[in-house]
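Could you put together the complete structure from these sequences and hints?
Protein sequence lines correspond, in order, to chains A and B. The numbering of the first sequence is our numbering, which starts it at 172 and goes up by one. The numbering of the second sequence is our numbering, which starts it at 172 and goes up by one.
Just so you know, the hints here were simulated from the structure itself, not pulled from any lab data. Wrong hints could be hidden among the right ones.
Because identical chains cannot be distinguished in the list, a pair is counted as satisfied if it fits within a single copy or across any two copies.
The calculated lysine-lysine pairs, modelled on DSS-like cross-linking and capped at a C-alpha distance of 25 Å, are [to be verified]: (1) LYS656 / LYS476; (2) LYS282 / LYS476; (3) LYS469 / LYS454; (4) LYS282 / LYS469; (5) LYS469 / LYS656.
So the chains spell out like this:
2 protein chains.
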Amino acid sequence: MSVRTVQKPAPRIRIERIQPQLDCGRFPVKRTIGDRVSVTATLIRDGHDILGASVLYRAPGKRRFESAPLEPIGNDVFAGSFEVTACGRWEYAVEAWSDRQATWRDELRRKVEAGQEDLTGELAEGEQLLGIPQLDVETGLASTASNREGTVRSATYGVEVDRELARFGAWYELFPRSFGGFAGVEQVLPALAELGFDVVYLPPIHPIGRTGRKGRNNTLPAQAADPGSPWAIGNEDGGHDAVAPELGTIADFDRLVARAQEHGLEIALDFAIQCSPDHPWLKQHPEWFQHRPDGSIKYAENPPKRYQDIVNVDWDSDDWRGLWEALRDVVLHWVRHGVRVFRVDNPHTKPLPFWEWLIAEVHREDPGVIFLAEAFTRPAMMRALAKLGFSQSYTYFTWKNTRPELEEYVTELATETAEYYRPNFFANTPDILHEYLQGGGRPAFEARLVLAATLSPSYGIYSGYERIENVPLRSGSEEYLDSEKYELKQRQIEGPLLPLLRRLNEIRRSNRSLQRLDNITFLETASDFLVAYAKQSSADTLVVCVNIDPFASREGLVSVPPEVGLPGSFVVQDLLSDETYAWHQGGNYVRLGPGQSHILHVR
Amino acid sequence: MSVRTVQKPAPRIRIERIQPQLDCGRFPVKRTIGDRVSVTATLIRDGHDILGASVLYRAPGKRRFESAPLEPIGNDVFAGSFEVTACGRWEYAVEAWSDRQATWRDELRRKVEAGQEDLTGELAEGEQLLGIPQLDVETGLASTASNREGTVRSATYGVEVDRELARFGAWYELFPRSFGGFAGVEQVLPALAELGFDVVYLPPIHPIGRTGRKGRNNTLPAQAADPGSPWAIGNEDGGHDAVAPELGTIADFDRLVARAQEHGLEIALDFAIQCSPDHPWLKQHPEWFQHRPDGSIKYAENPPKRYQDIVNVDWDSDDWRGLWEALRDVVLHWVRHGVRVFRVDNPHTKPLPFWEWLIAEVHREDPGVIFLAEAFTRPAMMRALAKLGFSQSYTYFTWKNTRPELEEYVTELATETAEYYRPNFFANTPDILHEYLQGGGRPAFEARLVLAATLSPSYGIYSGYERIENVPLRSGSEEYLDSEKYELKQRQIEGPLLPLLRRLNEIRRSNRSLQRLDNITFLETASDFLVAYAKQSSADTLVVCVNIDPFASREGLVSVPPEVGLPGSFVVQDLLSDETYAWHQGGNYVRLGPGQSHILHVR
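Laid out in structure tokens, this is it:
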């Protein structure tokens with residue numbers, strides 16, 4: 172490092188600790204439309220110069236950066252914010268400079284205060300600095316750009332801005348074949364809309380393979396009438412861009428999407444990158460699949476599990492580009508049919524760079540498309556998928572059933588990973604019927620529903636939850652007996668939990684504090700069975716208390732600490748029962764029946 | 172981003188969260204010779220491949236990287252280490268790959284365990300993979316480089332390795348003119364060595380200016396006999412590379428440096444970038460100084476403080492290169508005279524890029540040179556100086572005099588900034604005589620000495636501490652009355668605290684736990700006046716307890732928690748009094764006189 176090669180000395184202002192940022196700027200943080208992005212940075216310079224600073228920000232597709240002021244908040248930290256008003260990748264950077272006039276004024280002020288009488292030299296400096304002939308020490312002087320010296324600019328950081336639905340929504344998962352295909356689903360849209368759902372998520376709707384088809388309860392061989400698992404995608408009728416004839420035509424599907432929109436609902440599709448051995452791609456693109464030395468093709472397996480009805484693509488294929496593009500084109504095909512929400516099956520078994528590329532490609536066409544990652548694996552992988560672009564993610568929620576587990580996990584989501592990991596708390600899925608639900612009956616289902624709907628801005632149920640379906644395949648299994656994955660069912664939207672579902676979705680929509688994740692404070696309850704938390708927004712404050720014991724009434728003292736910022740005494744109204752109670756800071760007596768809850772609105 | 176332009180797909184393994192690293196790798200972390208650098212990284216890949224990894228590391232000036240294994244420790248985290256054996260900038264990176272044989276073996280094992288009987292296809296794959304004709308499933312197979320697939324390598328990170336003295340040392344500051352110049356200092360070297368000091372730090376030894384010279388107690392004008400402040404550097408006898416004739420000749424100085432080495436001591440010089448108005452540079456390089464519009468030169472000031480005896484250099488000079496190089500050459504001049512430790516005066520008022528450049532330039536010549544930053548300013552600047560290269564730093568220690576203050580500050584140093592900020596706890600300086608010392612008499616001096624010497628691996632005192640000099644300039648001031656900065660004194664190494672100093676330095680040298688910073692656990696004492704902490708190394712465990720009340724005896728229960736890892740009961744020996752006590756986990760009764768301490772060695 173020779174100084175001789177340097178033309179100008181390096182900038183004297185150093186910009187450090189810019190927040191928010193993720194992995195040194197490698198990944199964007201996430202926001203939704205209308206959010207303000209609060210930015211802080213530490214600015215350091217030698218000596219006593221007064222520094223000025225701004226955050227420069229640029230909307231997606233724009234050429235020019237706009238600017239908002241950063242103001243000092245103490246200890247060399249500067250803070251400001253800007254609003255994100257469109258979907259897509261925003262950028263921001265921090266700029267800082269020495270404010271020459273402010274520096275001069277500050278030094279002059281300190282000299283005046285120290286009693287220095289002869290200020291001739293200082294005033295001469297000021298005249299030169301300000302470029303004005305007459306100078307009055309008392310005159311206010313506006314800071315101008317020409318007044319900036321030694322301006323430095325940080326690296327640029329990203330903010331991925333999504334539709335509000337990426338953060339806040341209620342999901343309902345159903346198998347369309349159990350409702351009579353697309354036309355039948357169309358019939359239940361009004362009921363789902365009236366219940367307050369936002370997304371109707373359909374498992375794969377494509378033609379189902381015949382080779383290796385699974386029969387009832389995941390057995391081999393299938394009987395002639397067995398419909399097969401929808402995740403065994405592709406047969407002679409087509410692959411990922413086709414619809415299974417038994418569900419209807421593509422025109423029927425288009426009409427379903429349009430009707431859903433009329434009801435304020437969105438249809439979400441499943442994107443599962445695997446093929447039945449009968450998928451057209453196996454003949455059209457054999458190079459996209461891995462073959463054994465003997466030329467045979469391997470079915471999918473993860474010992475001891477075997478998936479004889481599907482084969483995986485070969486990510487190491489020489490034609491990996493063709494494969495990537497074909498998969499992108501599948502998603503874009505459905506985007507063009509009006510689908511803007513995708514639930515992605517097992518993304519953790521596909522290359523991370525592929526997802527980063529695919530999501531960016533789709534967002535180039537429509538930045539409002541939402542991708543939900545269905546990855547149940549170790550934390551680092553689930554986080555990596557969220558960082559690289561998935562709009563929201565499945566979670567460990569179904570397995571967190573004690574008070575310490577819930578508090579620890581939700582706190583982690585609300586703090587450590589809050590900048591990029593948006594949870595979607597499904598209370599059940601076609602693959603996960605937790606033993607708590609198997610054994611706890613209706614109270615267990617009620618407790619878990621309230622927890623899912625009030626802990627996480629996004630939550631969902633899989634059809635049958637409202638009917639308290641809870642019979643496992645066998646003892647110790649989390650799979651359903653006679654799973655809808657492998658057989659034809661007749662279903663309707665009905666069941667004892669519908670009123671609670673409807674009320675929860677109403678409460679979620681009318682209370683902004685339930686629409687965000689990071690505004691939660693867990694409360695002491697003096698009972699391991701009472702889970703309590705405050706959620707706060709500028710518009711409302713709720714206190715939720717859930718008795719997670721499905722077998723017994725439980726009582727405790729829900730402690731409201733001063734940090735929550737509520738007055739000494741206040742009135743709460745239970746949004747489930749409509750009863751009101753007088754509450755106060757400190758312990759408040761609560762008694763709840765098995766699986767029952769208070770959702771208390773602070774007046 | 173078009174896939175068409177990409178030749179190969181991006182790597183499937185992602186390397187995240189490499190530790191240690193500082194500010195995304197912008198700055199190196201710090202270590203001293205002989206340390207092991209523990210490295211961890213999170214490795215993620217889609218699917219079920221077994222990953223292998225290593226840390227690649229390179230010694231300063233070497234071309235090739237060496238390699239040490241990283242082993243999985245759970246949750247996708249891999250860990251390993253390497254030893255640093257030379258001063259200078261080491262580099263390291265993480266490399267990871269899919270281990271093809273291990274992956275094949277793992278899948279085979281899972282199939283065997285799942286009861287699969289026909290393994291023909293799997294064994295055929297294995298033969299191909301291993302390239303051997305005969306294959307026995309039971310055979311152990313060594314992992315080889317050719318067995319690695321999809322190898323990825325992280326960015327490279329830095330480790331700055333210093334001499335042990337950068338971390339661990341006892342400093343004594345003296346004004347050589349008060350001891351009769353270089354020859355006089357030479358006379359007291361045996362005493363300082365016998366007391367266990369490592370560094371003798373001298374304020375500036377250069378010719379002192381006459382213009383604006385300060386008289387006694389920082390007054391103007393000076394009397395004819397007043398020697399002036401050593402920090403007003405330069406007169407007709409020379410500038411930063413000259414020695415003041417009243418101290419001796421450069422030959423005398425060289426002999427002092429040599430004698431110090433013989434006694435195991437190092438001479439530290441002060442590097443203060445400022446000039447008396449009589450400094451030769453003002454005539455030789457007027458362009459290095461800032462002039463007023465009327466052509467006059469500004470003396471240094473920081474209102475309300477004025478420094479009429481010095482002028483600052485102009486960092487915005489057109490010839491900033493010449494200035495930077497001249498300052499570097501000053502340091503190198505003294506390095507060539509055997510000085511390898513510099514205490515840098517007020518580095519926070521000089522540009523950060525200058526320091527980063529200067530320290531790197533000096534380290535190119537001698538990576539063992541140690542720079543101590545004398546910056547008393549806001550935390551962000553003090554941290555920035557440490558990050559960019561200062562080997563160690565002054566601290567807020569003198570102003571931390573209560574138990575909560577000490578615990579909070581030392582915990583911050585031992586955790587948050589431990590990777591780069593090495594504290595040097597000076598108990599006093601020529602500018603800082605804290606009111607605790609002014610008012611507390613000998614007990615206060617004893618307590619602070621034990622705290623400094625046992626809390627921080629590096630500590631120091633300024634001459635006079637051992638004599639309990641504690642008279643301030645005036646009430647409310649932290650400056651000394653009749654400060655040695657402005658007048659000639661006659662000093663010797665004497666005073667009532669010498670035995671304690673000697674014993675503390677002995678204890679520090681013979682107990683490795685006092686030679687590191689991050690091995691501290693503060694202990695509950697049930698008294699605000701008893702500060703207690705355990706310090707642990709693989710060689711020894713000490714428990715220190717200090718009564719910080721200089722006026723009264725205090726008693727309490729020093730609580731040894733299970734986390735400290737000591738047995739249920741144990742014997743401790745007080746290294747100050749030689750007494751032994753039976754201690755145990757839980758509370759241990761302690762009573763200490765005003766300012767008195769236990770330094771308990773756990774047997």
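Hint-by-hint comparison with the structure:
{"no.": "1", "hint": "LYS656 / LYS476", "verdict": "within (16 Å within a copy, 81 Å between copies)"}
{"no.": "2", "hint": "LYS282 / LYS476", "verdict": "between (80 Å within a copy, 9 Å between copies)"}
{"no.": "3", "hint": "LYS469 / LYS454", "verdict": "within (15 Å within a copy, 85 Å between copies)"}
{"no.": "4", "hint": "LYS282 / LYS469", "verdict": "between (83 Å within a copy, 14 Å between copies)"}
{"no.": "5", "hint": "LYS469 / LYS656", "verdict": "within (23 Å within a copy, 84 Å between copies)"}
Hint check: no violations occur; every hint is consistent with the structure.
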